[in-house]
Amino acid sequence: MSMSEFDRRLQEPDKDPSALYLEKEGRLPDDFSKEDLDFAHELQGLFSPADEELPPYFVQTLLDAENSRFQPATQGLEQRTYARVFRRLRLHRHLFRFSLWQWVSQMAPVQRPLAVVASSCFLFMLATMMATGNAFASGVIYLVAGPHAGVVQTRLLPKELDAAKTSPQPLRANIENEPKQISFLETVSRLQFPLYWPSYLPENYTMEEAYLIQNQGVFWTDGPVLQLVSHYSAPGLKPHGSGKITIWELKPRVKVIQNVSLGSAHELRIGPDGQAAITVDGNWVYNLDNSTHEWVHDGQIELIYERNGVIFWIQGDQHDGVTQDVLSQIATQLNQFNVQRVFQTMGHVNSFQQSTEYPAWMVRTLLVDKDNPDGPSLLVLPPDGSTPTKDQRGVDNSP
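For my numbering, add 727 to where a residue sits in the sequence shown, where the first one is 1.
Worth flagging that the hints you see were computed from the coordinates, not collected in a lab.
Small disclaimer: the values here were computed from a predicted structure and weren't measured.
Beta carbons: idealized from backbone N, C-alpha and C, even for Gly.
Be aware that one or more of the hints could be misleading.
Using 30 Å as the maximum straight-line C-alpha spacing, the simulated DSSO-like pairs for lysine-lysine come out as follows [as the list claims (entries may be wrong)]:
1) K886 x K1097
2) K965 x K886
3) K978 x K886
4) K1097 x K978
5) K907 x K971
Ranges of calculated distance between the beta carbons of each label pair, as one might list FRET restraints [unchecked claim]:
6) T808 x S847: 44 to 52 Å
7) T1019 x S960: 32 to 40 Å
8) Y1013 x G990: 14 to 22 Å
9) L1093 x G950: 21 to 29 Å
10) Q943 x D1025: 28 to 36 Å
11) A961 x T1019: 48 to 56 Å
12) T1019 x R917: 35 to 43 Å
13) T1019 x C848: 36 to 44 Å
Based on the sequences and whatever the hints tell you, model everything.
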């Protein structure tokens, strides 16, 4: 109804059929005053029952206003009616259609960029599962700590490695005519990589042994292999474990992969630059009863990483308090050879001993992936921390 029509009805109440009807029939209440009649005319100007233009709650006012049957329908009445009917009829079915995606979208509306990122992550996970599915199914998991360093986790050792316990073997080339001990400078000149020396060792550990293992007849290393051994030496105390921290340094010509037990290796980051590394918990031990190797958690822990083409294996015993954090701290403070620094922190080592024996882990190896475009891989056993016999140690305790 327009405002002009509203004003016209107020100005001409006699022409309103409803008002005239009430006045002519005399059906107005006895106490109906002139003001009440004006108010009735005003309401008629606002609403037209003949045209179904009713005021709010008109029906409820005419009926019983307190009766809940005449109250406005509340939200969810339709769903509650459905539920009541199905319950009475004992029908077993879903009353409402539920969409997880609609629920998620209502809880947190998904924007297009977020949806694209989520889709990309899902595709990457799917591709990774397809690429590594066969490896997981066969119980083989590779972890890498550099272009040439890493581990392969298997349930059992390959038969080429799972043989009788191997003892250190003599070198193929005879070096008896060479001196058994050589100086630091001579050692550095023979290496094909910088000599790295630890500037940090845990409390009560002292560097006491240093070996230069020649590589005559060994094709997979470029130059000799270094072995640095520190011993626990606290007055009046004995170590609970091996009491040794061993550092291996070598420059490989192929990928040198340690074969460890499934689930024993874990990836981590060390140092301020986030150097990739791997920790290995345990070691293979030869069981004479069943003539095979078994993985045991004997306290040995090892850190594997590669820096500038050099592989580092740092081993310790957790029974002596040598943890992953301790090995990481040693690795981050393993610096290139400096004459002044080394002679200040070298402990009892004044020279390197030329070893006349290969360590056991260098004797029994397995070359795999020979046709790989990135080069073959050499599987080796984790070093057991053994050193040459006492009379071969490069130790000089003289003042």
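Going through the hints against the structure:
{"no.": "1", "hint": "K886 x K1097", "result": "holds, 18 Å"}
{"no.": "2", "hint": "K965 x K886", "result": "violated, 38 Å"}
{"no.": "3", "hint": "K978 x K886", "result": "holds, 27 Å"}
{"no.": "4", "hint": "K1097 x K978", "result": "holds, 19 Å"}
{"no.": "5", "hint": "K907 x K971", "result": "holds, 23 Å"}
{"no.": "6", "hint": "T808 x S847: 44 to 52 Å", "result": "holds, 46 Å"}
{"no.": "7", "hint": "T1019 x S960: 32 to 40 Å", "result": "holds, 37 Å"}
{"no.": "8", "hint": "Y1013 x G990: 14 to 22 Å", "result": "holds, 20 Å"}
{"no.": "9", "hint": "L1093 x G950: 21 to 29 Å", "result": "holds, 22 Å"}
{"no.": "10", "hint": "Q943 x D1025: 28 to 36 Å", "result": "holds, 32 Å"}
{"no.": "11", "hint": "A961 x T1019: 48 to 56 Å", "result": "violated, 38 Å"}
{"no.": "12", "hint": "T1019 x R917: 35 to 43 Å", "result": "holds, 38 Å"}
{"no.": "13", "hint": "T1019 x C848: 36 to 44 Å", "result": "holds, 42 Å"}
Consistency with the previously given hints fails for numbers 2, 11, ordered from lowest to highest.
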